[in-house]
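Undergrad: Taken in order, the sequence shown gives residues -22 to -1, 1 to 196; the numbers are from mature numbering (1 follows the signal peptide of the UniProt record, and there is no 0).
Any given hint could be a false lead.
With a Cα cut of at most 30 Å, we get these calculated DSS-like pairs of lysine-lysine [what the hints assert, rightly or not]:
1. 144 to 160
2. 48 to 109
3. 164 to 48
4. 164 to 144
5. 160 to 104
6. 144 to 48
7. 109 to 164
What follows is a set of in silico ranges between Cβ atoms, one per label pair, in the way DEER data are often shown [unchecked claim]:
8. 132 to 74: 20 to 28 Å
9. 18 to 86: 17 to 25 Å
10. 168 to 20: 32 to 40 Å
11. 102 to 168: 18 to 26 Å
12. 104 to 75: 15 to 23 Å
13. 85 to 11: 16 to 24 Å
14. 129 to 20: 36 to 44 Å
15. 105 to 79: 20 to 28 Å
Bear in mind the hints are in silico, worked out from the structure with no lab data behind them. Predicted model, so just to flag it, every value in this text is computed and none were measured. Using N, Cα and C, we set each Cβ at its ideal position, and we do this for glycine too.
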Amino acid sequence: MGTGPLPGLLWVLSALVTPGDFLSCKVCTSTSAQLCNASSLVCPEGYVCASSYTLTNTHGAVFDMSCAPKHHCDAPGSMSASNGRIRRSTSCCYTDNCTPPHPIIPDDNFQPNGLSCQTCLSVYSKWCYSKQTIDCTGEEDACLLQTSEYYAPIRRSIAIRGCATKSICSLGTQWIKFGTLKIKFKYSCVFSSTTSLQIGLVAPITVALAVVKYMHAS
């Protein structure tokens, strides 16, 4: 990525978002950045306007615009499990109802990094365990347990284990809504250098992408 005045300008603008500021941001979710019909939402204190692009090797892509903490900005990452791989990137802007630049998805990196993690999938539980492992690659230096909790009109929990980058683990709690369907995503990550758990969230994952594809096809 080239250097120039834009990164410096974004840094200056981000410095202007101080505690007590409440931005209004565009909010939408779509399988196409060109067809994301956004509404406007007043964000929590200190949040900024964000665009996120999530790409999987099984169910394609999802684009969303929302409010986000500043530490989510420009922190691309990825996660891998036995059922697929997800790459995600987020870009931000810092004025009311602004449109962030389109996020740039990180390149795949399949170089083994020496870490192996359990990998499993449970479609009816917030927990799964398996003796099967996956070799982590690139910057995916954390083992994760990812849970998805589905609410009205259906209730279901899904658990996935695999590898993830630190940027994915630190995303925080996030809710996604498609019409009447609400989904809560949550990660618990154990890093290779520590035994402590660090709680985070990412969305959408493979199952959410499948839901979006289905709803747009209906």
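Undergrad: Each hint needs a verdict: does it hold in this structure or not?
TA: Outcome of the hint check:
1. Distance hint between residue 144 and residue 160 is fulfilled; the C-alpha atoms sit about 26 Å from each other, no more than 30 Å.
2. Taking the CA atoms of residue 48 and residue 109, the gap is near 38 Å; set against the 30 Å cutoff, the hint is violated.
3. As the CA atoms of residue 164 and residue 48 are separated by approximately 19 Å, the hinted pair is consistent with the 30 Å bound.
4. In summary, the hint linking residue 164 to residue 144 is supported, as the alpha carbons are separated by about 14 Å, within the 30 Å threshold.
5. The hinted pair formed by residue 160 and residue 104 meets the criterion: a straight-line CA distance of about 16 Å does not exceed 30 Å.
6. Pair hint residue 144 plus residue 48 holds up; C-alpha atoms about 16 Å apart against a cutoff of 30 Å.
7. Restraint check for residue 109 and residue 164: the C-alpha separation of about 22 Å stays at or below 30 Å, so the hint holds.
8. Checked against the given bound of 20 to 28 Å, the beta carbons of residue 132 and residue 74, roughly 36 Å apart, lie outside it.
9. Look at residue 18 against residue 86: about 35 Å separates their beta carbons, and that is not inside 17 to 25 Å.
10. Take residue 168 and residue 20: their Cβ atoms lie about 36 Å apart, and the range 32 to 40 Å holds.
11. Distance hint for residue 102 and residue 168: a CB-CB separation of about 24 Å, consistent with the stated range 18 to 26 Å.
12. For the hinted restraint 15 to 23 Å between residue 104 and residue 75, the CB-CB distance of approximately 36 Å leaves it violated.
13. Distance hint check for residue 85 and residue 11: the Cβ-Cβ separation is about 19 Å, which falls inside the suggested range of 16 to 24 Å.
14. Hint check: residue 129 to residue 20, Cβ distance near 23 Å, so the stated range 36 to 44 Å is violated.
15. Judged by the Cβ atoms, the range 20 to 28 Å given for residue 105 and residue 79 is violated: they are separated by roughly 39 Å.
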